[in-house]
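Student: These protein sequence lines are chains A and B, in that order. Everything in the first sequence is counted per our numbering, starting at 1 for the first residue and increasing by one. Everything in the second sequence is counted per our numbering, starting at 1 for the first residue and increasing by one.
Derived by calculation from the structure, the hints in this document are not laboratory data. The beta carbon of each residue, even a glycine, is placed where N, CA and C say it ideally should be. Careful, some of the hints might be misleading.
Dumping the calculated SDA-like pairs for lysine to any residue here, alpha-carbon to alpha-carbon at most 20 Å [what the hints assert, rightly or not]:
hint, chain 1, residue 1, chain 2, residue 2
1, B, K125, A, G95
2, A, K40, B, S148
3, B, K125, A, R101
Listed next, with one range per pair, are the computed distances between beta-carbon atoms [what the hints assert, rightly or not]:
hint, chain 1, residue 1, chain 2, residue 2, range
4, A, Q138, B, P101, 38 to 48 Å
5, A, E89, B, Q91, 16 to 26 Å
6, A, T43, B, R142, 18 to 28 Å
7, A, S54, B, N155, 17 to 27 Å
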Amino acid sequence: MRSRDGNHSFTRRLCSLIFLFSSLALNAGEYLVSYKYIVKNATLYNESLDISKSMTKCEGVPSQNIIFPSTHENNFQELITRHKEEFIEYIHKLGIDVQSRDITTNNQINTTTTLTLKTTCFKVDFNDTFVKISHLKQPQD
Amino acid sequence: MKYSLVLISLLCITAFGAEEKKAASEVTYIPPVKKAETITIPNNTTINVSYEKPKKALNGAGCPAKVHSMVKEKPEVLTADKPLLISVVGQGVAPVNTNSPAQAYALAKRAATADAYRLIAEKIKGVNVDGQDLIKNMMVKRSTVRTSVQAMVRNANIVETTFKDGLCEVEMEITLSHADFAH
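Let's have the full structure, built from the sequences with the hints guiding it.
Tutor: And the structure:
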């Protein structure tokens, strides 16, 4: 019921807040990312960065985040392609598995180093001007 | 005649005494002792093997020469009150077939980063070493040494990156604290 004491504006504000929160919640998504690269004899041999939208809800709490400027887009893969170097540096900080094998046969050395980020879930919040990517830390990590 | 005999005997005694003194002041050299061993091979062939004892360096008094004691540096150990900083420099080169210098730099940096991570893992967790030699007809046919390391590294920071003459060097640091390992 509308009254003269300004309830109308209060309802409008409340509705706009609900709309804002719901729009933010709708634009947030969870993505699974895995990364691996192989270096053979001090030369990069293979690199793969796989991204897919999570089909089930991820468990974990947001721990470390990174913010990229956004240009009104909701495509995470395109965003990562544009900011690949920064994102890779960020996932290095989260923890990367290092495996190295050297084989020396008759004084000839062959070395292979593999760096792997196990499949990790990230929460991505798309906003008007920026995108916030948060690592969802598992309880056992 | 009597006096001459007494004189000769005195001279002899003096001469013997001097020789004894000289012998005592000289460096005593002990000839190497040869020891013989007999090895019997199953097919009844016998080979005699002899070896010498290692010679010791002797000084004038016949004692072993002084060996300069090497001063060992105390290795840094992670303690509860002091964090440990580990710094490494990883190296990487660009592949031959790159399209641009920028691509070469990016690929070389990636390789150098991997090398730096490997060095950190080696310092923290150590290296597994496995060796195998194949000997045929008393000749080394193949000698193989395998080393491997496996670790999870997090919170390592790139301090400096240099790229010169196709070689990229990445200086990386990691700070270890006691809490990282205490459960």
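Student: Decide, hint by hint, whether the structure agrees.
Tutor: Now for the hints, and whether the structure bears them out:
At roughly 15 Å between alpha-carbon atoms, B:K125 and A:G95 fall within 20 Å of each other, so this suggested pair holds. Restraint check for A:K40 and B:S148: the C-alpha separation of about 14 Å stays at or below 20 Å, so the hint holds. Between B:K125 and A:R101 the alpha-carbon distance is near 14 Å, which keeps this suggested pair within the 20 Å criterion. Checked against the hint of 38 to 48 Å, the pair A:Q138 and B:P101 passes, with Cβ atoms roughly 41 Å apart.
Between A:E89 and B:Q91 the beta carbons are some 19 Å apart, a value that agrees with the proposed interval 16 to 26 Å. Between A:T43 and B:R142 the CB atoms are about 26 Å apart, so this pair conforms to the stated range of 18 to 28 Å. Roughly 25 Å separates the CB atoms of A:S54 and B:N155, a value that falls within the hinted 17 to 27 Å.
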